[in-house]
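Student: Single-letter residue listing:
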Amino acid sequence: MAVVAVLALVVAACGGDDAAGGGGSGGGGGDSSRLVVGTDAEPTTLDIQAIDDNGLALSTWSINEGLVDFDAEGNIEPILAAELPVIDEADPTVWHLKLREGIEFTDGTPFDAEAVKYNVERIIDPDYGSVLAEELGGLSGATVVDELNVDLTTENPDPLLINRLRRLRIVSPTAAETETYGENPVGTGPYVLGEWTRGQSLTLEANADYWGDPKPTIEEIEIRFIPDANTRISALQSGEINVAVNPPDSQIGELQEDSALKVLFVEGGESGTTRFNTELEPYDDVKFRQALNYAIDKDTMVEQLFNGLYPVQDCNVAPPGVQGHNDDLEAYPYDPDKAEELLSEVDIPDGFTIDFTGSSAVYGSDREIQETMASYWRAVGLEVETTFPEIDPYLDAVYNPELPIVYGESDQALNSLIRQIGTFLERDGPVTALGEEDQAELDPLIETVKGTLDDDERDATMQEIAQIACDEAYFVFTFFRQDIAVLDADIEYESDLGQFEKVDWHRMRING
Amino acid sequence: MIRFIIRRLLFGVLIMLAVTITVFFVTRVLTDPVKVMLPVGSSQEAYDQLEASLGLDAPLGEQFVTFIGDIVRLDFGDSYWQRLPALDLVLERIPATFQLVGAGTVLAIVLFVPLGIIASLKPGGILDRILVTISLFGVSMPQFWLGAMLIFIFSVSLGWLPTSGSGTGQHLVLPSITLALASGGRVAQITRSSMIDQLNRPYVTTLKAKGMPSRRILTHHVLRNALVPIVTLAAYEIAYALAGYAVIVETVFAWPGIGRLAIQAVTQRDIILLQAVVFVVASLVVAVNIIADVLYKAVDPRVKLT
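Sequence lines, in order, name chains V and L.
Here the first sequence is numbered in our numbering, starting from 1 and rising by one per residue.
Here the second sequence is numbered in our numbering, starting from 1 and rising by one per residue.
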């Protein structure tokens, strides 16, 4: 105590020379117009089109809106667009887009067809180097038809452009021309940037002239960067912040018991996509792959590693709610006897070892998950050798289809199985490692999914692909990793599917 | 003295150059920043485009020449991820780092040097034993645990101090105590052993025989002689903390210092930012060491500086 008292005196004397004052105490508690959020990842830039980084969405998703976006059920709805874009009847590489009237960016620039054209050209410009260029697939340009109508063109017919468009958040052409756009983002959204003190916090202020609904009720949101998860929760418990993102797994149980807080689980998170090379022996035998699935006790694994927080994968790569999820599929139950039975029917060479490529510090508790999987496989009599490369060599391994089995988790940025199909199952996909026979079976189905303009046909075909991926055990199915946030109990918010970070602050309410 | 300082400065510049060049080659050969920046599943085309726009597709020798030309003008380039001049980003963090390291070191010295001296006067006595225990505690306790405990006690339970962040004197209290306890433990130990060493020297006995009061012996002779190892350690502690050792404290308390920036740069493989961080830190460490050498001379004029 004496130490603290001495310190307090010493520090009070020299505490006046601080620079930016981002860390004042006192969160929102009771004040329904102010919210303080604690998050682990700080954005590196606020230019939402530049980079794909963990910290970006939380701050900028409410500054820059999209032409379209998902609603709470995962359906696409028009936001800045007046209606969902329609594909041209004659030429399937052209989409007609009608824009909402009377919207302005917060710097006064009108939101119109010219603005949309600017945005499209910005992200496909190779000099600018936007990470969205890849995600927006083959978007090749935009033509102004009149003030509120613009035609988007794609390189090849792409019926899924609407899903992808959600990632294109619109920035003000005037502001984007300035060099410091990354620190001064401007959009049409319900919030604008207040101040950003790097390393400490950033503030969002409600846009009083917001065109949409609901109007934001929280006047000011302070986003504080607190990298240590325990400190974040301490800050929540001491009342300094109102929302804490990504709590430590071990504390969730305790937080759920706290009546002053509520724990929010966001559906549609990442899915386990540990993939096989189905060309190599014995991975080419479906019984072998199925055996590896039967051998793992997914429930116990989730229970032990994550306090049972995450749902077990139901033999689907797409989580429930995401397009392409097949409700009829059931998870491979834990059945080591069945696994051994299947293995006895497979032609396994003598001295065979599973070369399992894991990862180190890429996903939460990844080593633990992988070691658990390996130990279940050893329990049914297989030899397993696991490596745990760090991010650099791990990414090399992911992109190397020659490797027999590589651990993976995949996100739902497009809210559709098409993402994983494109990555893992499509011929010549960046990570695809299917043998010729398996690939040939999927080829016509994938072509239908990519080419058809009929939504129902696409959905049905995706579910068929999901069924095949399950029956053929192209993946080792584990669990769906959900985003978790902890909020003060008096906060009302219903999260969209996918990530908490893509939060709609204007839909959040604090009950006084 | 002036010649000495100039010589050391030149030598320091050489060291910084060597460090910078090493980091340049290591990062470009051993890591692939492009891959880390792209979402998994990106095409080769996207990779090539990004690589070209970052200037990483040129042959290594060519990149090196451009690099040397730039850093001579102190232009480290723009951080890959933040797209702002890297050097500015690092310099932004200096005040906060200085505050933390400064407060932590001052605390460590102000609290633990006197304790070390007092303990050394009666080795084996009660005070000595208490001090040794406290030092051991400070040195062994993991900082993330210590920090979390202090937060739990003083912020969450008692509500006296904020849990994290910076900006006011209150925010500085817990992080600097955490930092001070660790280095303070070492400072106390060195002080104690250095003092004991001096107190056992013949000159002390001589002075006592001549009738000089104990207090005068202590303040005018023993302390000055004992200071050299303490100055060495203090310089080392400061340099070590500036070089990023404070990162644990910075992370636990969300303190916006250089350590956290370095970690961010490494995780994101932002080699431009990393280069700037290494450069700035190396300069600070060199500066601290030069100052320490100058202090030796002030403390003990017999020391020959080479």
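Just so you know, these hints were derived from the structure itself, not from any lab.
Treat the hints with care, since some could be wrong.
Beta-carbon label-pair distances, calculated as ranges [claimed, not checked]:
1. V:Ser375 <-> L:Gly102: 23 to 31 angstroms
2. V:Glu447 <-> L:Thr267: 37 to 45 angstroms
3. L:Leu17 <-> V:Ala361: 55 to 63 angstroms
4. V:Pro336 <-> L:Pro95: 55 to 63 angstroms
5. L:Trp160 <-> V:Ala361: 31 to 39 angstroms
6. L:Thr267 <-> V:Glu303: 29 to 37 angstroms
7. L:Val72 <-> V:Gln256: 40 to 48 angstroms
8. V:Glu371 <-> L:Trp160: 53 to 61 angstroms
9. L:Val65 <-> V:Glu179: 44 to 52 angstroms
10. L:Asp88 <-> V:Glu219: 52 to 60 angstroms
11. V:Arg367 <-> L:Val266: 17 to 25 angstroms
Ideal Cβ placement from N, Cα and C applies to all residues, glycine included.
Student: So, for every hint listed, does it hold in this structure?
Tutor: Cross-check of the supplied hints:
As the Cβ distance of Ser375 of chain V to Gly102 of chain L is approximately 49 angstroms, the hint placing it in 23 to 31 angstroms is violated. At about 39 angstroms, the beta-carbon gap between Glu447 of chain V and Thr267 of chain L stays in the expected band of 37 to 45 angstroms. Distance hint check for Leu17 of chain L and Ala361 of chain V: the Cβ-Cβ separation is about 32 angstroms, which falls outside the suggested range of 55 to 63 angstroms. A beta carbon spacing of about 60 angstroms between Pro336 of chain V and Pro95 of chain L agrees with the range 55 to 63 angstroms that was offered as a hint.
At roughly 35 angstroms, the beta-carbon separation of Trp160 of chain L and Ala361 of chain V lies within the given 31 to 39 angstroms, and the hint holds. Distance hint for Thr267 of chain L and Glu303 of chain V: a CB-CB separation of about 30 angstroms, consistent with the stated range 29 to 37 angstroms. Remark: the range hint 40 to 48 angstroms for Val72 of chain L to Gln256 of chain V is contradicted by a beta-carbon distance near 58 angstroms. Separated by about 43 angstroms at the C-beta atoms, Glu371 of chain V and Trp160 of chain L break the suggested range of 53 to 61 angstroms.
At about 27 angstroms, the beta-carbon gap between Val65 of chain L and Glu179 of chain V misses the expected band of 44 to 52 angstroms. A hinted range of 52 to 60 angstroms is violated for the C-beta pair Asp88 of chain L and Glu219 of chain V, which are about 32 angstroms apart. Between Arg367 of chain V and Val266 of chain L the beta carbon distance is about 19 angstroms. The supplied range of 17 to 25 angstroms therefore holds.
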